[in-house]
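Novice: Below, each chain spelled out in residue letters.
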Amino acid sequence: MSLRIILVDDEPQRTALLSDALMAHGFTVVAVFPTGADLPRQIAALQADVIVADLDSPDRDTLESMRQVTFEQARPVVMFAQDGNPETIRAAIEAGVSAYVVDGLKPERVRPVLDVAIARFAQFQELRSELDKARSTLAERKLVERAKGILMKRRGFGEDEAYKLMRKMAMDQKARLVDIANKIIEAAELLG
Amino acid sequence: MEQVTLKIGFVPLCDSAPLIVAKERGFFAEQSLGVELSKEASWSNIRDKLAVGLLDAAQMLAPMVLSGTLGLGNMRVPLMTAMALNQGGNAITLGLPLLRRLRDGEAVLPGLLRLIAEDRAAGLPPLTFAMVYPFSTHNYELRLWLSGAGIDPDRDIRLVVVPPAMMVSHLAAGSIAGYCVGEPWNGLAEAMGLGRAVITGRQIWDGRMEKVLGLRQDWAAANPESHRALIRALLSACRWIDGNRIETAEIVAQPQYLSAPLPVIRDAFEAENGLEFHAGDANFPWRSQGLWLLSQMRRWRQLPGGVDWRATVDMVFRTDLYRAAASDLGLTCPTENERIEGGGRFDPASIPKGIID
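Chains A and B are the protein sequences, given in the same order.
The first sequence lines up with residues 0 to 191 when you count with numbering that gives the first Met the number 0.
The second sequence lines up with residues 0 to 356 when you count with numbering that gives the first Met the number 0.
For reference, chain A alone in the conformation it holds in the complex (with noise of 0.2 Å):
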């Protein structure tokens, strides 16, 4: 029978790129939750066999507790730690994934549930630091444009002289251009 699944995960561009990714498998992901959610009724009701967490939920710490049994729960959830590779562990946590299983699944049964989502958690990574990246680099380009149109009007410098000029001052002063480009505009703030 597929595995059933649970994703615990705040960021729903990450939980629909690894649900598919799932899905593609042969897996059956049962429910999405975000952070909050009451997991341990949840993973009694929806007869789950792993729970796939970013590391960072708070909800980790309530899974945790499931590990002992008590008189209502009759599925105690453990870490997917045990297959003992300090290698995967180390990615997982790397990756920012963390899962819980059933106790008594036989490992080799659900290592591939945590290869596809550390290979999707890092995918993700990947991507939101590009988009970081390509959305600072056009923040800054902005300030800078700015900062040149300012020189520009209040010292009648044309384009090209004013990027001269900036670049000049960030090499003197060992600056990065965006914050020569702050300084420009918080003077001219400044001024008014």
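Read the hints as simulated data drawn from the structure, not as lab findings.
Treat the hints with care, since some could be wrong.
[As the list claims (entries may be wrong)] Each computed SDA-like pair below joins lysine to any residue, with the alpha-carbon atoms no more than 25 Å apart:
1) B:Lys38 <-> A:Ala121
2) B:Lys38 <-> A:Gly35
3) B:Lys48 <-> A:Ala90
4) B:Lys48 <-> A:Gly95
5) B:Lys48 <-> A:Asp102
6) B:Lys38 <-> B:Leu261
7) A:Lys152 <-> A:Met168
8) A:Lys147 <-> A:Lys163
9) B:Lys48 <-> A:Lys163
10) A:Lys132 <-> B:Lys38
11) B:Lys6 <-> A:Thr87
[What the hints assert, rightly or not] Examples of chain A residues toward chain B, derived with CB under 10 Å:
12) Asp37
13) Phe79
14) Arg89
[Unchecked claim] The calculated label-pair distances, taken between Cβ atoms and stated as ranges, are:
15) A:Glu107 <-> B:Ser37: 32 to 38 Å
16) A:Ala36 <-> B:Ala120: 30 to 36 Å
17) A:Ala36 <-> B:Glu271: 36 to 42 Å
18) A:Pro33 <-> B:Pro125: 23 to 29 Å
19) B:Glu189 <-> A:Gly148: 39 to 45 Å
20) A:Glu188 <-> B:Ala220: 52 to 58 Å
21) B:Ala120 <-> A:Ser128: 55 to 61 Å
22) B:Asn272 <-> A:Asp9: 33 to 39 Å
23) B:Ala220 <-> A:Leu130: 37 to 43 Å
24) A:Ala43 <-> B:Pro109: 30 to 36 Å
25) A:Lys105 <-> B:Glu271: 51 to 57 Å
26) A:Asn84 <-> B:Ser37: 24 to 30 Å
27) B:Arg344 <-> A:Glu107: 46 to 52 Å
The beta carbon of each residue, even a glycine, is placed where N, CA and C say it ideally should be.
On the provided structure of chain A, position chain B as indicated by the hints.
Specialist: Quick look at chain B alone, frame taken from chain A:
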């Protein structure tokens, strides 16, 4: 010194103050340490990142250094501590709906006992209480308090784990009837009119270390001078906090650290019977407290037989390293490693040497 830049994890609470103050007031810099503080969402995260070396040290619940070393939780990682960061700061809060069910003038515990019996007779589900982690002082405090009144925490109520910062919203949503947590999350519930703290952790069991500075044993062995400098920096920070409570509250209340209203945080730092950061040997890692924590784990069936309690505690609570760093600063410290704990309720001499079944 072996390593001068360190990454240290913390879970946002009032008692993260020693780490935050050491950074913001320059006590790390004074010891030539560059420290990056990493805010973590769970105690599990702290343990796992420490285990794989993504963190060099961390604020930890005192029982976690034992559970990690013994592999009682989900991951076995040999840990140690040479310094407690504070004592006190916990309390048990009950939500208004539960408090309203008590009769006028009725004491809380007998009232709870009555309500549990009445609910059971009426076929209602048990009351749900929350604490922050299976291996936490909060778990043991709540269990001690309830069991002292004849309430069985495993049968008579439902006990769940909720992260500290989410306690108040769970209480507001009515999914829990009460909880045991560190400040500012008791004060906040009271300020919002959602509940009331009925007893503090120190009223349940006084003189006990709360958070500790946790490290991997192999990291500490490879970086003895960095570790010693780290303890010096944190001891200096703890001493400073004791004399500068209001300023500490303001530092801790910055949004990158603790997201709670300043007045609530300030009250927590100024409360009587609350947080202690240095006075009364609050930083000394008493081995008798390690033994007491093991006795609690055993009582609540977290610790199996076949463990040498004393050997474990000697390895995990490094009083020798504390003394070395304290003497660098000219501080006096206890000459004994053990003492009678809990106002006479726990005598460490009752724990034999060797493996205990």
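Novice: Next step is simple, just say for each hint if it's right about the structure.
Specialist: Now for the hints, and whether the structure bears them out:
A threshold of 25 Å between alpha carbons decides the hint, and for Lys38 (chain B) with Ala121 (chain A) the separation of about 21 Å falls inside it, so the pair holds. Straight-line distance between C-alpha atoms of Lys38 (chain B) and Gly35 (chain A) comes to about 19 Å, which keeps the hinted pair within the 25 Å bound. With a CA separation close to 11 Å, the supplied pair Lys48 (chain B) and Ala90 (chain A) stays within the 25 Å bound. A C-alpha spacing of about 10 Å is found between Lys48 (chain B) and Gly95 (chain A), which places the hinted pair at or below 25 Å, so the restraint holds.
At most 25 Å may separate the alpha-carbon atoms for a hinted pair to count; Lys48 (chain B) and Asp102 (chain A) meet this at roughly 23 Å. Restraint check for Lys38 (chain B) and Leu261 (chain B): the C-alpha separation of about 19 Å stays at or below 25 Å, so the hint holds. With a CA separation close to 18 Å, the supplied pair Lys152 (chain A) and Met168 (chain A) stays within the 25 Å bound. Taking the CA atoms of Lys147 (chain A) and Lys163 (chain A), the gap is about 10 Å. The hint holds against a cut of 25 Å.
This hinted pair does not check out: Lys48 (chain B) and Lys163 (chain A) have alpha carbons roughly 46 Å apart, beyond 25 Å. Taking the CA atoms of Lys132 (chain A) and Lys38 (chain B), the gap is about 23 Å. The hint holds against a cut of 25 Å. Using a Cα cut-off of 25 Å, the hinted pair Lys6 (chain B) and Thr87 (chain A) holds, with the two alpha carbons roughly 22 Å apart. Taking 10 Å as the C-beta contact cut-off toward chain B, the hint placing Asp37 (chain A) at the interface holds, the least distance being around 7 Å.
A cut of 10 Å between beta carbons decides the hint on Phe79 (chain A): the least distance to chain B is about 9 Å, and the hint holds. Taking 10 Å as the C-beta contact cut-off toward chain B, the hint placing Arg89 (chain A) at the interface holds, the least distance being around 5 Å. Take Glu107 (chain A) and Ser37 (chain B): their Cβ atoms lie about 34 Å apart, and the range 32 to 38 Å holds. A hinted range of 30 to 36 Å for the beta carbons of Ala36 (chain A) and Ala120 (chain B) is consistent with their spacing of about 32 Å.
Taken as a hint, the range 36 to 42 Å holds for the pair Ala36 (chain A) and Glu271 (chain B), whose Cβ atoms sit roughly 39 Å apart. Remark: the range hint 23 to 29 Å for Pro33 (chain A) to Pro125 (chain B) is upheld by a beta-carbon distance near 27 Å. A C-beta distance of roughly 54 Å is found between Glu189 (chain B) and Gly148 (chain A), which places it outside the suggested range of 39 to 45 Å. Our hint of 52 to 58 Å for Glu188 (chain A) and Ala220 (chain B) holds, since their Cβ atoms are close to 55 Å apart.
Separated by about 59 Å at the C-beta atoms, Ala120 (chain B) and Ser128 (chain A) satisfy the suggested range of 55 to 61 Å. A C-beta distance of roughly 38 Å is found between Asn272 (chain B) and Asp9 (chain A), which places it inside the suggested range of 33 to 39 Å. Range check, Ala220 (chain B) to Leu130 (chain A): Cβ separation about 42 Å, and the 37 to 43 Å hint holds. For Ala43 (chain A) and Pro109 (chain B), the Cβ-Cβ distance of about 33 Å falls inside the hinted range of 30 to 36 Å, so the restraint holds.
Between Lys105 (chain A) and Glu271 (chain B) the Cβ separation comes to about 55 Å, which falls inside the hinted range of 51 to 57 Å. Between Asn84 (chain A) and Ser37 (chain B), the C-beta spacing of about 25 Å keeps the proposed range 24 to 30 Å intact. In this structure, Arg344 (chain B) and Glu107 (chain A) meet the distance hint of 46 to 52 Å, their C-beta atoms being roughly 49 Å apart.
Hint compliance for this structure: hints 9, 19 are not met, and every other hint is.
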